[in-house]
Amino acid sequence: MPDLSIDFAGIRSPNPFWLASAPPTNSGDQIMRAFDAGWGGAVWKTLGTPIINVSSRLGSVDLGDRRMMGLNNIELITDRPLDVNLREIAEVKKKYPHHAVIVSLMFDTPEEWADILKRCEDTGCDGVELNFGCPHGMCERGMGSAVGQEPKVLTELVKWVMDSTTLPVIAKLTPNVSEIVDPALAAQAGGAHAVSLINTIKSVVGVDLDRLVPVPRVNDASSHGGYCGPAVKPIALRMVAELFRQPDFSLPISGIGGISSWRDAAEFIALGAGSVQVCTAVMHHGYRIVEDMIEGLDEYLVSKNMSSVQELVGAANAGFREWGELDLNYHVVAKIDEAKCIGCNLCHVACWDGAHQCIHMPGTAAIEGHVAPMAATAKKRAFEAASLIASGRTDVEPYRVPWVDETECVGCNLCWLVCPVSGCIEMVEQRRAPETDTWNDRVREGRDFVPGGLKDI
Amino acid sequence: MAERDWKVPAKRLEAGFEDKKPAFDAGEALTEASRCLYCYDAPCIPACPTAIDIPTFIRKIGTDNLRGSARTILESNLLGRSCSQVCPVEVLCEGACVYTGWGRKPIEIGRLQRFAMESAQSPDLLPRQPATGHKIALVGAGPASLACAGTLVQMGHEAVVFERDALPGGLNMTGVAPYKFRAESTLAEVEFIRSLGVEIRTGVEIGRDFTAEQLLEDYDAVFLGVGLGSDSLRGIPAIEGTGVIGAVQWIRGMKLDPATSVDGVGHAIVVGGGNTALDVVQELATLGVPSVHMVYRRGLADMSGYAHEFKNARNVGVRAVEHATPAKLEWRDGRLVGVSLESTQSPASFESRDMPCDLLVVATGQGRLRDLVEQFPQVECDQSGRVVAEPESLVTGNPRVFTGGDCYNGGKEVVNAAAEGQRAARAIDELLRQG
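Respectively, the protein sequence lines represent chains A and B. Counted from 1, the first sequence has number 405 at position 406 by numbering that gives the first Met the number 0; the numbering is strictly sequential. Counted from 1, the second sequence has number 309 at position 310 by numbering that gives the first Met the number 0; the numbering is strictly sequential.
Don't take each hint at face value.
Label-pair restraints from in silico Cβ distances [stated by the list, open to error]:
1. B:V336 <-> A:T393: 41 to 47 Å
2. B:G94 <-> A:A36: 44 to 50 Å
3. A:T393 <-> B:D63: 45 to 51 Å
4. A:D61 <-> B:K6: 42 to 48 Å
5. B:A9 <-> A:M68: 44 to 50 Å
6. B:D24 <-> A:D207: 20 to 26 Å
7. A:T393 <-> B:K6: 42 to 48 Å
To be clear, the hints were calculated from the coordinates, so they are not data collected in a lab. Note that the Cβ used here is the ideal one computed from N, Cα and C, for glycine as well.
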C-alpha cells in the first residue's frame, strides 16, 4: 500500500489533503469533524484584526444544470474573536496530534505579527500560512493581495515573520499578478519555508439582470470578489507548474485551485505540489468527499507502481515545456469510428465553424488528391440509405456519419473534445517526419526567423 | 352566431386522471435541456410533421430565453402546446433522437416543449402582417382549422371559424386521452388562437344556419377542417339495450359529460386495434374497471395502434384477444351482460368464446362527412370518403376551397392536422395575394 503521508516543509500530515483556509475551517468543531472524515490537515480560517462581514457573500457560475462550476465570495477573514480561535486551535491540536493544523494569518504591523506568532506557537500548531492573497476587502486595508502584488513588501513582511517564529511558514500567493514567479521568489528571499497557491482570482461573478446589480448582492450593490472552484483549476495548475520548473525557486508548493477529486489532486501533485488544499468542493458536498480522494489517489499510485505520494510530486514536470520546444513533426488526424457514431454531427459543425473545415457531411465528395479514406464509403452509404427511405422502407435510418479530410486535418482535437460518445473519435498519430523538429531548433539553425530577433533562444 | 364564453363542466371523469407525463418544473427542464446534445442537422426536426427547430428551442430553455423558446416552437407549429402533450413522440421526434439510436433514453422533447409553452406562450411572440382585407371562412374548430386560421391572421387576413359543437377544439376538446391533454388545456389553446385575432363562432351548422354557397359568396376562400363523422358500429350485432357505445362518443362523455361514469362496470370489452382502442382500454383500466379486454379482428402484429401504447395498456392490466370479433350480444333487462366472440380466421382458431361484459366500446373507426363536404361545388371525396386535395397546397377541386386534418388524411395525429392547416394557409395566402 503506497505511503500517502507527507512531510511538507516540516509539517507532517497523514495524507496530502488539506482543507484550505476558508469557511470549512472556520471553527474547531468543523475541523475535528473534517479530521474524523479523513482530511490530513487544515489551514484555519485567517486570523486577523476582527472584521464585520456582509450578507450575502457568495455567487456562483452554473453550467447548464451543474451548480457551482465556479464560486465567488466577498467574505473576509474570520469574524470570530481571536481568543476563541486560538483556544480552539489548541484543543484541536491536542485531540489530533498527528494531523496538520496550520493557522492562516493576516496582520499589518511588525508588532502585530510578532504578537500573533507568539500566541500561535502557544497553541501547538504545526505551522502558519501568511495570507498574501485575498483580492477583496482586505487588500483595500493594505493587506492580502496588496502584499502579494508587491514583491518588495512581501519579502519585508516575510522577514518580519521569520524574525518572530520558528514555526514552518507558508506564504500564500495571489494569482492576480502578471508573473507568479516574482512574488514566489520574493517569498523565498524573505526566508519562507514554502508557498501555497492560488488564492482566489479577483472577479465579478455575474449580474442580476432584473435589478441591474452585480452578484452577490448586498442591499442595492455588490463588489468584486474572489473566484475559485473547478473553473479556476487550469489557471492554478499552470502557476504551480511554472514555479516548480523555475530553476532558482526551490520551496515546496501547496497546490490550491478547483481541486474536487483525487484526479485533480494527482494532477497538481504531478506538476509539483507537495500538498493540496481544497475548499469549494467541500463547500459544495461536505467533508465526506475526502474518502474518495484518498482511495482514488491510493489506487492511482498502486496502478503506477509508486510507493509514496512523494514519488508523484513533479513527475509530469518533464512533460511541461516551452512552446518553442514542442515537436513540430508530431501530427495527429481525427478518425471517426463509424460503428460508434450516433450522427449528432457536432464534430462537423465544430470543425466547420470553429476549426479547419475538414469534417464533412456524408454524401459530399472529397477534393481530388486529398486523403479522405471514409469519403467514398460515406457517400455510397448515404445514397443507399436515402434511396431505401425514399422507396418507403421504414426500418432504415439515414446514414449520418461524417468523414474526415485528412489532408486538411491539423489535428487540433476539437472534434474529439465535442464528441459525446467515448471512443468514437480517435486522434491518430501520423508523423510528418521521423525526426524531431522544434521552433527553437529552426531558429537556432537559421531555418526560421523571428522578425526583430528572439532574445531568449 | 356570436362568440361565447366557453366552459367545461367541473365534475367529469376526465378531471380524475393524472398526467402520464407530468409537467416539468424549471429545475427539471434545465436538467433535461442540458442533456440535449444540440445536434447539427438534427434528426428530430424532420421527424416532426411541422419541422419544429427542436434543438434550438431546447437550447433556449437552457439559456433561460423562454420567450424565444416558445417563439421558435410557435413559428413552426401554432398548436405547439397541445402537440407537446398529445403527439406520439415515441414514433416522431423522440424516436428519431440520436440517443434513441444509441440505445439510451431520448431527450424528453414533448415535456420540454410543454414547459416552454406553458411558461411563455403569448400572442405578442409572433409578428402580424398589415391587414389585407381578405376574409377566409374555416369550417370546424379542430386542430387543422385553428392552425390554419391562426396562420392566416398572422398573414394579415381575417379568419372566421364556424363550429357545430358548443365547444371549440375538435378532437383536442372531445377525443384526446385525458392523461395526455384535458379539455381546459384545449380551451386555453383555443383562447391563444383567438388572441391572435381569429374569430370563432360555435353552435353553428352548415345547412341549418347557412349554406355552402353563402360561405363561398361572403368569403374569399374556405377551409374545410370538419374531421370525421360519428363512430361506425358496423359489424356489431343488433343492439337491444344499454351498454354499447362508440369509442369517440365514450371519450367525449368522459371528457365533457358529468353523467358519464364507470360505476358498476365490471367487465369492459373494447373492439378495435387502433390508437383510439388503445386509449380507451387504458382509460377504463385507469378508472378502475376490474377487467378490460381489447378484441381485435386481426393479429396483434397487424394492429395499427402504436407498439408503445400497447405496452402501456398491458402495463395497466389490459388483456388482448386477437383474431376475434363479437358475434352475439347477450342482454338482460335491457342491459348488456355478455359478448360471444367468434374467430375471424378460417378455419376458426377457437370455438365461440363467451365473455361477461357490461360495457362494449366500439373503436373500429369513424364515419365520413361526405354529405357535408360535397355541398361545396367541385369538392369531391375519394372511395374511402376522404376529401380529395392536392397534397402540397391542399386545394380541393374548387380553387377557393382548401382542406386538412382528419377529413383529408382519414384520421392522423393533431400534429399532422396542424401541419396541413398551416400549409393550406400558405397556399390560401398565395392565392389571395395573386388575386
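These are the hints, each one checked on the structure:
1. At about 43 Å, the beta-carbon gap between V336 of chain B and T393 of chain A stays in the expected band of 41 to 47 Å.
2. For the pair G94 of chain B and A36 of chain A, the beta carbons lie near 47 Å from each other, so the given range of 44 to 50 Å is met.
3. For T393 of chain A and D63 of chain B, the Cβ-Cβ distance of about 38 Å falls outside the hinted range of 45 to 51 Å, so the restraint is violated.
4. In this structure the supplied range 42 to 48 Å holds for D61 of chain A paired with K6 of chain B, their Cβ-Cβ distance being about 43 Å.
5. Between A9 of chain B and M68 of chain A the CB atoms are about 48 Å apart, so this pair conforms to the stated range of 44 to 50 Å.
6. A hinted range of 20 to 26 Å holds for the C-beta pair D24 of chain B and D207 of chain A, which are about 22 Å apart.
7. Distance hint for T393 of chain A and K6 of chain B: a CB-CB separation of about 43 Å, consistent with the stated range 42 to 48 Å.
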